[in-house]
Amino acid sequence: AQSVTQLDSHVSVSEGTPVLLRCNYSSSYSPSLFWYVQHPNKGLQLLLKYTSAATLVKGINGFEAEFKKSETSFHLTKPSAHMSDAAEYFCVVSENDYKLSFGAGTTVTVRA
Amino acid sequence: SAVISQKPSRDICQRGTSLTIQCQVDSQVTMMFWYRQQPGQSLTLIATANQGSEATYESGFVIDKFPISRPNLTFSTLTVSNMSPEDSSIYLCSVKLTDTQYFGPGTRLTVL
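Protein chains in written order, with our numbering: chain D, 11 to 122; chain U, 136 to 247.
It should be emphasised that the hints constitute simulated quantities derived from the structure, not laboratory data. Check before you lean on any hint, since a few could be wrong.
Said to hold, decoys possible - Using C-beta positions, here's what the derived DEER-type ranges look like:
(1) D:Pro89 <-> U:Ser153: 43 to 51 Å
(2) U:Asp199 <-> D:Pro28: 36 to 44 Å
(3) D:Ser38 <-> U:Gln157: 32 to 40 Å
What the hints assert, rightly or not - DSBU-like cross-link-like pairs, simulated, lysine-lysine; straight-line CA separation at most 30 Å:
(4) D:Lys59 <-> D:Lys79
(5) U:Lys200 <-> D:Lys68
(6) U:Lys142 <-> U:Lys200
(7) D:Lys52 <-> U:Lys142
(8) U:Lys142 <-> D:Lys59
(9) D:Lys68 <-> D:Lys78
(10) D:Lys59 <-> U:Lys231
(11) D:Lys79 <-> U:Lys231
As the structure is a computational prediction, the values presented were derived from the model and not from experiment. Virtual Cβ for every residue (Gly too), placed ideally from N, Cα, C.
Using the sequences plus the hints, can you model the full thing?
If you want it as structure tokens, here you go:
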């Protein structure tokens, strides 16, 4: 069975400072892992994905994530937050290439 | 990627009525999915809809409540039947292209 735990329900950062969103997963197989972002009243947008290639994955808008099998983690980072990064972020795991399991989400607030 | 549209974008309905949500994608896809996002919560998969076969429902979701049609490779509908206030949610469709799922903008449903 697959599952995802997002360790922080809410993260608040100042503009220009680093952002770290933590995600741990549980999977019986070699999973695919994704981060999606949802801006208020908008749909889900794919930020990045890991599918058993390079363990450090670069995504859009300056985000990146590192797959660490030994720690079963897939944390999302960005070196410098921007006001437009304020949104809901979902860590997602997939074992069988179609069924996605979503984490509970992390709300990011960016202070000016 | 894929461009996905949904109609309606939002609706307010009376309890006991039904609403049909449409999902249109700009390319032919085998697998389409319907998700529910209850207020303040993460996404839950309702069902998988493959063209030419009956939809496959996840635990807790039944065809009588959420009938799905998949008449061709670019279109699907989800009906929310006999609605109650507990059905107030955002309903999203998604499609799978290669190893990634892409999501529509969602339909925000409020049941009074």
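Structure-based check of each hint:
1. D:Pro89 <-> U:Ser153: 43 to 51 Å: holds, 49 Å
2. U:Asp199 <-> D:Pro28: 36 to 44 Å: violated, 49 Å
3. D:Ser38 <-> U:Gln157: 32 to 40 Å: holds, 36 Å
4. D:Lys59 <-> D:Lys79: holds, 15 Å
5. U:Lys200 <-> D:Lys68: violated, 41 Å
6. U:Lys142 <-> U:Lys200: Satisfied, since the Cα-Cα distance of roughly 19 Å is no more than 30 Å.
7. D:Lys52 <-> U:Lys142: holds, 14 Å
8. U:Lys142 <-> D:Lys59: At roughly 28 Å apart (the allowed maximum being 30 Å), D:Lys59 and U:Lys142 satisfy the hint.
9. D:Lys68 <-> D:Lys78: OK: D:Lys68 and D:Lys78 at ~15 Å, within 30 Å.
10. D:Lys59 <-> U:Lys231: With Cα atoms ~14 Å apart, D:Lys59 and U:Lys231 stay inside 30 Å; holds.
11. D:Lys79 <-> U:Lys231: holds, 25 Å
Comparing the model with each numbered hint stated earlier shows that hints 2, 5 do not hold.
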